Amino acid sequence: MNLFAAISTEPALWSPEWLPRLPQRLVEMLLGFLGAPEWLVSIAGFLVAAGTVVGVFLGGFALLSLIERKTLARIQNRIGPNRAGWFGILQPVADGIKMLTKEDIVPAKAEKFLHLLAPILIVVPAILALGVIPYGREWTPVSLELGLLFFFAVGSLTELSVFIAGWASGSKFPMLGAMRAISQMVSYELPLIISALGVVMVSGTLSLPLIVEQQGGFHLGFIPAWNLFTPWGFFAGILFFICSIAEANRCPFDLPEGESEIVAGHMTEYSGFKYALFFMGEYLGLFAISALGITLFLGGWQAPLPGLGFLPSWIWFFGKLAIVIFMFLWIRGTYPRVRIDQLMRFAWLCMIPMALLTLPAAGIWTILNRDGHGFLAWAITVPLLLIPCVIVTVIFNRRLASANRTYRFAE
Amino acid sequence: MSVDIGAALQGIHAALPAAKVAMRTNPGPSNQHSLLVGNESLVDVLRFLRDHLDFDLLSNVSGVDWPDPAKADAVAVFGEGEETAREHGFLEVVYHLYSTSRRVGPLVLRARSADRGENACVPSVVSVFRSAEFQEREIFDLYGVIFTGHPDLRRILMWDEFVDHPMRKDYVAPDDYEYEPTPHDDVLVKAKRHYPAES
Amino acid sequence: MAIDPQLAADLKSQGVHVTSFEQLINWGRSSSLWPLQFGLACCAIEMIAATMAKYDMARFGAEVFRPSPRQADLMIVAGTVTKKMAPQVVRLYNQMAEPKYVIAMGACAISGGPFKDGYNVLKGIDRFIPVDVVIPGCPPRPEALLEGLMTLRDKIAKEKLMGKHRVRHADPNGAASFPVPEYGAHDLEPAVNRDIWNPPAITREGGEA
Amino acid sequence: MKTGKPTRWVLPGLGLFQGLAVTGKNMVQSFYKKERMTTVQYPEERAPISPNFRNFPFLVYDKDPKAGLRCTACSICEKECPPQCIYIVLDRDENGKSLKRPKVFDIDLSVCMNCGICSEVCPFDSIYMDGEYELSTDDRFGGLLFGLDRLSKSAEYHMKLRPEQASEVMARRKADEEKKAAAAAAKLAKAKADAEAKKAEAEAKAAEGKGEDA
Amino acid sequence: MISDSSMPYSAPTLAPGADDDQLLHVSLGPQHPSTHGVFRMNVVLDGETVVSLKPVFGYLHRNHEKIAEGVTYLSSMPYTDRLDYICPLSNNWAYAHAVEKLAGIEVPERAEYMRVILAELTRLINHTAFMGFILGDMGAWGSALMYAFRERELILDLFEDLTGARMMANFMRFGGCRNDLPAGWAEKCSVLVDDYGPFLDEMEKFLVGNEILLARCQDVGQLPKETLINGGITGPMLRAAGVNYDIRKAEPYGIYERFSFRIPLGDKGDCYDRIMIRFLEMRESLKILRQALDQLPEGEYVNPKAKIRGFKPPVGEAYARIEGPKGELGFHLISDGTVNPYRYRVRPPSFINLTLLEDMCLGLDLADVVIILGSIDIVLGEVDR
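Chains as they are written, first to last, in our numbering: chain A, 1 to 411; chain B, 1 to 199; chain C, 1 to 209; chain D, 1 to 214; chain E, 1 to 385.
Calculated from the structure, these hints are not laboratory results. Mixed in with the good hints there might be a few duds.
Straight-line alpha carbon distances no greater than 25 Å define the calculated DSS-like cross-link-like pairs of lysine-lysine that follow [as the list claims (entries may be wrong)]: (1) D:K66 / D:K103; (2) D:K34 / E:K305; (3) D:K25 / A:K70; (4) D:K25 / E:K305; (5) E:K312 / B:K169; (6) E:K305 / D:K79; (7) B:K169 / D:K66; (8) B:K192 / D:K25; (9) A:K70 / D:K33; (10) E:K305 / D:K160.
These numbers were taken from a predicted model, which means no experiment stands behind them.
If we strip away everything but chain A, and leave its shape as in the complex, we get:
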């Protein structure tokens, strides 16, 4: 099993660092105590570890569905759900009960099997993807050597399931939504992966825990050595963030379900629990892509300032996750949606070239830094990356100038 990286050290059971893995350890110890064979112990361990992640993120999903409503409400000067339980904390429970007890309608024209398969397919990859993320120093549920590859491989399944959902519904609006989803996927997977490639080049590994480990330490004693704080990483991080919005189908790139145009897109014909699964899959996907972004660019579970290492590392991870997710919500509360052709043009003419440019920058950065030419690395990569910025700014401003309107006034 050389696929699994061997980075685990023997645990100290009482350490808060180990808290999330406590159930797994307990089960393993129990089975070991009972004299179960080793393969059974490790399989049970994996299952429990996966169960922990699923449990945490299902709880997170419930919480996020409430927090999203509350945050949007605050942005809009309202209060938001506050009647079900204290501060509306039971609102997700109520939603869940309602969804569970709601009738499941399968349209007559639908492909029955695929109609059922799609919502399952959207949740499973998201959970699988969540399994390879290092949440804490000692907490990587499934530590794969090729974790990043695995993530992208299962991550692209979501779009497939969106397409299945649209096609299986046998109706027009879902079909339009599905077509939009596919074209969006093709356009945004590319810059997403390319912008992540820089990290791979610098770290020299596809293992997510190792990528995080390499981002430890601080420059000048207080700037964290995260990939975000390098010239190429800053760029790649921003590109990654934009692409992840598109990957997670969030506003302003929520075209597959653009409700003002195509009703609810691929979800139009889903009701009851299947719809809840879509909902869940979307949020889990959001968690997964944000978690990956944190891992790649924001130093994963690394503390943001020196001297804060006494807190368990997974707290930092989830803190960062909260901030990133809040950005998603904030953006959702602010922007209108873009049009499909603009989305594509943006991806192919802006995102992909910029992402490609981060690769040589990352390469130069690595080589020069390895040879100890830190200053030179800055001096070369920064201009290299600024050139496209200047070009974009010039093009943008010229277009903006033509977009500027003057209005006459008649007395």
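Start from chain A and add chains B, C, D and E according to the hints.
Chains B, C, D and E only, in chain A's frame:
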């Protein structure tokens, strides 16, 4: 600014001598007199007004139902002239024209169908003014005026299977006045029909 | 299934919350009424106003306006239902998944209201689909809509899901969809659904207007 | 897209950041600024509603709900009501003589359009618009047909609801009543005077007669 | 000058039978999130490009005209509220204006000022709500709409105080208004007018510079101005294309001559111009409001000679129009001397502004159709009546 209707009439007569156009005085205080245009020259007159007198905005097209010519006489939109001696009712279409450049209006034009039955025809002016497109469809739908030459004369407000023309004065609405706690007049009559035991 | 209310109250006073399965489901349903994003006329503006900052229907968990009927629980018929629109409304209702509730908001949706004499106006949406709560007003204030929503919540909280007197949607024999009227030559065919529309006969003393 | 010469240079995405700033400001301020958190938590708190707010009509009575009803069943409101949602039956005694009060006064709230024309045309200060709006019900037939019992409300209620209007009406009615009373008193006085004059005349006549007799 | 050939009646649609199965026939509405009510469009899509678009009306046809011909003149007043239900007071004014023209009724000065104030407040409401709705059409999650309605509530509080209803005012009467301003109303209104400028600044910051909005709205849905005039388009849509035609200036009604204000004119007439013109119009409205509130005279609020009951205008006809927030709102009345109008016709701006919808949308995306429809700013109560 109100329009100089006499000048418009003279202009039409000068340019289109064959056109049958007559003035109708409005008895009310609004001072909006109108021109009654013969159906055969309606489109030409409107085109002339648009192209040469700058009446470029056809603001409004109304349909009016006159089932009783005597009533029309009484209301006196019938003026002097040949049309007073009608025997049966007719449908009328009223056009309100404005000029956006000269800022005058409204110039009121009227056209009349021969009767309210099969010959309820008025030429369509869509070829001159696009703004008449939906309004003519509406008048067709609600009054049954057949606009000859309209490119897409279908019902617009009611559904396609509907056969009546509900804005006509003699239209009888379907009777579904079943639960009417506060009925009056014809509603009372209809409601009573549903409670025969009580009447 | 049922819990002795006295016992429940006693336990509650000691910090033990007892609830039956039925109550839990009803609580879930009543606390998470997602309306169909669907406005007909003037009342729709007040419905929008009720979801806006000043009234904030979201407090009751009812701000998630779903554009697709499949995911909606509540149909707020906000505005005049015309005869041309009625088949669509019934179709939308049929497309909604059970349990589904209907609020008739405003005079027009209840009875045709001020426009009831119109030839194209349906005299009340309850001629074709069952209405749970009616809110009079033309248009009702947003507060009135919230109050109607609470009336509906109370109604849902009292729903019986089992036994002889269970509600329509819990009854396997209960109708989930209703016949969609068709456009006729003069009126809708049929003009009313006799299965659900049974107005009381009005007897008047005097009878004069 | 054609391009032009920029007059001032901006960073791409500046407009987007401005948008974020506006929403962010609104979110932060919603925690401490009154005008950024306008929600009134309805069932517990209520936004102040103008005394002029009108919803559905009600009938005013003075003192006694039955005898004090100001309505005379004149049917003006019934005729003027645009959606025709008022139904009045005049009460008559056994001889068929009008008692000038309604026997039936129904308003169908499921039709009423809150226009207020009934209260505008009423010459007897009898019908006014109520501010009550919490009327939702699941009983569409019984719950929305308001008869006299639910429509009649006291003059004090009116006073509480719309102090300005009610006090003006009260003052006018009082003046009218005083006028009427004065007129009645005058009439009475006149009648008395007449009677006295007659009496005096009669007495004089009698005296005359007596005198004649004598 | 427009020649006939430059205006094909029906925009190019697909040839019948030609690769029809490649095309997607979609019916948007009548229940659709962005049709602003119960409007329906039968759209034929090639991919996502519109090749044909036929509007279907009538889902809110509630027989306003027929009902009005059966009731008295006054009884139609509350029904006019329900035409364009976002701005009832403009409708009130248009109808009162038409009846006053029909019957030759004078309006006292104070009432004219009150009408101007109410109409301009209504314009503010309409245009503010428009900003929110069009952002919603573009897919924003309602923040703009919430801010718009936050301010709308403040204006509605004023309306409620004055007219007794939040929306359905039923306030204007033939020859004036129903009641006088309550004590302190003008001061409250004055405060609101002062506070509205900062709100508009905020909205402008929120929307106008937004690159997504620029990309979505610019060069979408423009038509030459001759076509627009010929199609009967009025209101902000026409002015966005650069036609200087505002009835407040072109044919001043009421007392608009007394105020100094300007008419903003656009150039291209695309959706972006339509949004901006409405922004600028709101600022001009604020100017009018400020002047009107400062000059508000004392006096009668209704012509004492005007009758409420038994009103019978003389025989005749009249067509009168005002510049409603959505365009030219006209009423055509024919009186036969009885208490009921013989013919009562509304010239609805929203309805006629839809005439050129198909021409604007052809060749664009489905997503653009939604924005174009939003930028026309229709209200179904008025479209179908």
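A quick look at each hint next to the structure:
Taking the CA atoms of K66 (chain D) and K103 (chain D), the gap is near 10 Å; set against the 25 Å cutoff, the hint holds. Of the supplied pair hints, the one linking K34 (chain D) and K305 (chain E) is violated, its CA atoms being roughly 47 Å apart against a limit of 25 Å. Between K25 (chain D) and K70 (chain A) the CA atoms are separated by roughly 16 Å; this keeps the pair inside 25 Å, and the hint holds. For the hint linking K25 (chain D) to K305 (chain E), the alpha-carbon distance of about 54 Å lies beyond 25 Å, and the restraint is violated.
For the hint pairing K312 (chain E) with K169 (chain B), the CA-to-CA distance comes to about 20 Å; that is within 25 Å, so the pair holds. Taking the CA atoms of K305 (chain E) and K79 (chain D), the gap is about 22 Å. The hint holds against a cut of 25 Å. Simply put, K169 (chain B) and K66 (chain D) have alpha-carbon atoms about 44 Å apart, too far for the 25 Å limit, and the pair is violated. Only pairs whose Cα atoms come within 25 Å are accepted, and K192 (chain B) paired with K25 (chain D) is rejected, the gap being roughly 63 Å.
The hinted pair formed by K70 (chain A) and K33 (chain D) meets the criterion: a straight-line CA distance of about 17 Å does not exceed 25 Å. A threshold of 25 Å between alpha carbons decides the hint, and for K305 (chain E) with K160 (chain D) the separation of about 33 Å lies outside it, so the pair is violated.
Consistency note: the structure conflicts with the earlier hints numbered 2, 4, 7, 8, 10.
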